[in-house]
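> Taken in sequence, the protein lines are chains A and B. Numbering follows the numbering used here, with no gaps: position 4 of the first sequence is 4. Numbering follows the numbering used here, with no gaps: position 57 of the second sequence is 1057.
Check before you lean on any hint, since a few could be wrong.
Derived lysine to any residue pairs resembling SDA-like cross-links, with alpha carbons at most 25 angstroms apart [said to hold, decoys possible]:
hint	chain 1	residue 1	chain 2	residue 2
1	A	153	B	1047
2	B	1015	A	191
3	A	85	A	153
4	A	153	A	185
5	A	187	B	1008
6	A	85	A	105
7	A	187	B	1017
8	A	187	B	1033
9	A	153	B	1038
10	A	30	A	153
11	A	187	B	1007
12	A	187	B	1012
No lab work stands behind these hints, which were simulated from the structure alone.
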Amino acid sequence: MSAARTLWPAAVCFSTFMLDDTDSLARALKRRDPDLLDRLIEQYQFRLFRYLVHLTGNQERAEDFFQETWLRVLERGHQYDGKWKFEAWLFAIARNLVLDWYRRKKPQSLESIAGGADDQAPVFDVPDEKSESPLEQVLSAETRAGVQLSLQKVPAIYREVLVLRFQEEMQLEEIATVTGAPLSTVKSRLYRGLEALKSAMPGCAAAPGGAA
Amino acid sequence: MSADLHSRASQLLAKSHIEPLSREDAQWLSLHLAQCASCADLETRVSEALSALRTMQI
Chain A
1 MSAARTLWPA AVCFSTFMLD DTDSLARALK RRDPDLLDRL IEQYQFRLFR
51 YLVHLTGNQE RAEDFFQETW LRVLERGHQY DGKWKFEAWL FAIARNLVLD
101 WYRRKKPQSL ESIAGGADDQ APVFDVPDEK SESPLEQVLS AETRAGVQLS
151 LQKVPAIYRE VLVLRFQEEM QLEEIATVTG APLSTVKSRL YRGLEALKSA
201 MPGCAAAPGG AA
Chain B
1001 MSADLHSRAS QLLAKSHIEP LSREDAQWLS LHLAQCASCA DLETRVSEAL
1051 SALRTMQI
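Next up, chain A with everything else stripped away, as it sits in the complex (with noise of 0.2 angstroms):
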């Protein structure tokens, strides 16, 4: 009875906070404990893996740096303040395994590299939707198609805030801690990103009345 006594506080500890609880998330990361970082990897690993694709337009090497991100988060947990949202801080560590890779690779910055047309490009599947009829999903995965086509037109740095914005739905702030950048540079490559997602776009690549 001792044990369970001794026990039962830390477990309710654990049961009762939120992952978005971002005080008790930083305390439970000082505490290194390894229950905690399943259920961070189980909620955040889709959205990790994701970014890091766009990233790097390659599965494989996402897949490296999918472990390598966990692995860092860890190592650093303790270094979490929970002054910003987990995966602001999630996706920074991740971004800058890339670039440290990509800066070993060939000295360049993610602001210099391509498109990623030269790299494997990564190969999006239809996703399992049952509220769709066969052929609003076949519609719905041809636009998504079409998208990830365009979107790989548009170069990585403002891809990356794209893909942040609105595939992550990450607040302006929170990509700027993510990518280290001024709130308004942060504004700027969202504006040149959709400018360059739009002119990517099949029949978008002027606005009307030709204007530009």
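Dock chain B against chain A, hints included.
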């Protein structure tokens, strides 16, 4: 309709996807989209593309 109006609409449309528009700009854009089929079509396509991004699978 002049190219300047379409250009302004295009800029405001982009801005509306990034941050809130002022009430004045939002009203102007809404009116323009109601009168300009090509700008409305462009907005629809961009919005669809951004929505597709959200549901994209790996």
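> Of the hints given before, which are not true for this structure?
Those not satisfied are hints 3, 6, 10.
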